[in-house]
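Undergrad: Chains C and F, in that order, give the protein sequences. Residue numbers for the first sequence, in our numbering: 592 to 797. Residue numbers for the second sequence, in our numbering: 592 to 797.
Just so you know, not all the hints are guaranteed correct.
Intra- or inter-copy, both count: the list cannot distinguish identical chains.
[To be verified] For lysine to any residue, the following SDA-like pairs were computed, each having C-alpha atoms within a straight-line distance of at most 25 Å:
id: 1; residue 1: Lys702; residue 2: Val791
id: 2; residue 1: Lys702; residue 2: Ser621
id: 3; residue 1: Lys702; residue 2: Val690
id: 4; residue 1: Lys648; residue 2: Ala671
id: 5; residue 1: Lys702; residue 2: Leu663
Just so you know, the hints here were simulated from the structure itself, not pulled from any lab data.
Number of protein chains: 2
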Amino acid sequence: MTAPTRARLSPDERRSQLLDLGVRLLATRSLDELSIDLLAEEAGISRGLLYHYFGNKHAFHEAVVRRAADDLIAQTAPPAGGDALGRLLASVTAYVDYVLANYEGYVSLIKGAAGGNETLRQIYDEARSALSERIFTEQNLLGNAQGELVEDTPRNRLLVRGWSAMTEELVVAWGRDPAGVSRQEVLDIIAGSLPALVGVASPAPA
Amino acid sequence: MTAPTRARLSPDERRSQLLDLGVRLLATRSLDELSIDLLAEEAGISRGLLYHYFGNKHAFHEAVVRRAADDLIAQTAPPAGGDALGRLLASVTAYVDYVLANYEGYVSLIKGAAGGNETLRQIYDEARSALSERIFTEQNLLGNAQGELVEDTPRNRLLVRGWSAMTEELVVAWGRDPAGVSRQEVLDIIAGSLPALVGVASPAPA
Numbered sequence: 592m593t594a595p596t597r598a599r600l601s602p603d604e605r606r607s608q609l610l611d612l613g614v615r616l617l618a619t620r621s622l623d624e625l626s627i628d629l630l631a632e633e634a635g636i637s638r639g640l641l642y643h644y645f646g647n648k649h650a651f652h653e654a655v656v657r658r659a660a661d662d663l664i665a666q667t668a669p670p671a672g673g674d675a676l677g678r679l680l681a682s683v684t685a686y687v688d689y690v691l692a693n694y695e696g697y698v699s700l701i702k703g704a705a706g707g708n709e710t711l712r713q714i715y716d717e718a719r720s721a722l723s724e725r726i727f728t729e730q731n732l733l734g735n736a737q738g739e740l741v742e743d744t745p746r747n748r749l750l751v752r753g754w755s756a757m758t759e760e761l762v763v764a765w766g767r768d769p770a771g772v773s774r775q776e777v778l779d780i781i782a783g784s785l786p787a788l789v790g791v792a793s794p795a796p797a
Numbered sequence: 592m593t594a595p596t597r598a599r600l601s602p603d604e605r606r607s608q609l610l611d612l613g614v615r616l617l618a619t620r621s622l623d624e625l626s627i628d629l630l631a632e633e634a635g636i637s638r639g640l641l642y643h644y645f646g647n648k649h650a651f652h653e654a655v656v657r658r659a660a661d662d663l664i665a666q667t668a669p670p671a672g673g674d675a676l677g678r679l680l681a682s683v684t685a686y687v688d689y690v691l692a693n694y695e696g697y698v699s700l701i702k703g704a705a706g707g708n709e710t711l712r713q714i715y716d717e718a719r720s721a722l723s724e725r726i727f728t729e730q731n732l733l734g735n736a737q738g739e740l741v742e743d744t745p746r747n748r749l750l751v752r753g754w755s756a757m758t759e760e761l762v763v764a765w766g767r768d769p770a771g772v773s774r775q776e777v778l779d780i781i782a783g784s785l786p787a788l789v790g791v792a793s794p795a796p797a
């Protein structure tokens, strides 16, 4: 049951390398289009070996999506220094670039997570939580020495949740059809809207 | 092939009455739980008669969801008079109340539409468009005599799209777990956030 290895990679390194390839393939494909066959062909190895590494197609998809979510979280880490809005804009920029570079796979993840695939939903929720949590944790996006923009209250937790949904919708819709709106406008809208939302004054009752 | 009718309703009236019952049953159930059997039992008529009216389960679900979407659009119509923010708040209040009163069915519609059911997605998109279009059409929500708050530009179209996604996320998340946030706070956030978003100034580059 030992699988042949290529080069001098350990099984873990080899598996990791195959996951990276899976993530790259997913960038321009839906999950449905990402098959073990395709990965085998692109990696130049046998289907049998891939089953050895991943067990089955479902487990393979789960592993690829987890890797993609980890990549997203890593790539959108805000810079350590700078003012709060600048750090937020940097993180938002990385998020938008990530979604655009991995559009098909990202959209298929949203679809799978929303449509009732429990594994995808869990990975999706974990990634969303990780991104949102940055707004509130001690080493947070908006709580540096320049002052906290978002106080950790139930109201603001709800707001950040709504802002995340809006951000995703904006990027996915704009990625499909920019309709003359520039990338910079999208970035400014997303980054600028969080403090704007937090600062929303209660309108007078009708 | 003529079906027996009850009372003195025409077939169209009878079908409409059955759709209303379907919408009421859907309020506290997912679409998966809304069966022809259940409708037959609640309506006190035969399955055969229901198949006569609706053809099959898929067509029945489609008709119920279309009716529910029409109800949503009708119930959230803004009042004819008043200032722009007051009209927006009234419409948003009706939307929140509708979602809360029809929570299970509404969430299952989102799930079905997002998950790849083409019929549900189409009805969902049409309803969303109808709600959003109000912001921009001549007799619109924010463009009455008191002055237009939302100019019809590609940027603002994208913003309203994002605002709609945020609104839905806020209501669905809050409906599941209010976490101490009051209904009035939710309403104020949603109504107040649209003008706040439209007015978002471009932040300085990082």
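Undergrad: Taking the hints in turn, state whether each one holds.
TA: Verification of the hints:
1. Lys702 to Val791: neither (31 Å within a copy, 30 Å between copies)
2. Lys702 to Ser621: Answer is both; intra-copy 10 Å and inter-copy 18 Å each pass.
3. Lys702 to Val690: both (14 Å within a copy, 22 Å between copies)
4. Lys648 to Ala671: neither (39 Å within a copy, 56 Å between copies)
5. Lys702 to Leu663: both (17 Å within a copy, 24 Å between copies)
This entry does not satisfy hints 1 and 4, going by the numbered hints stated previously.
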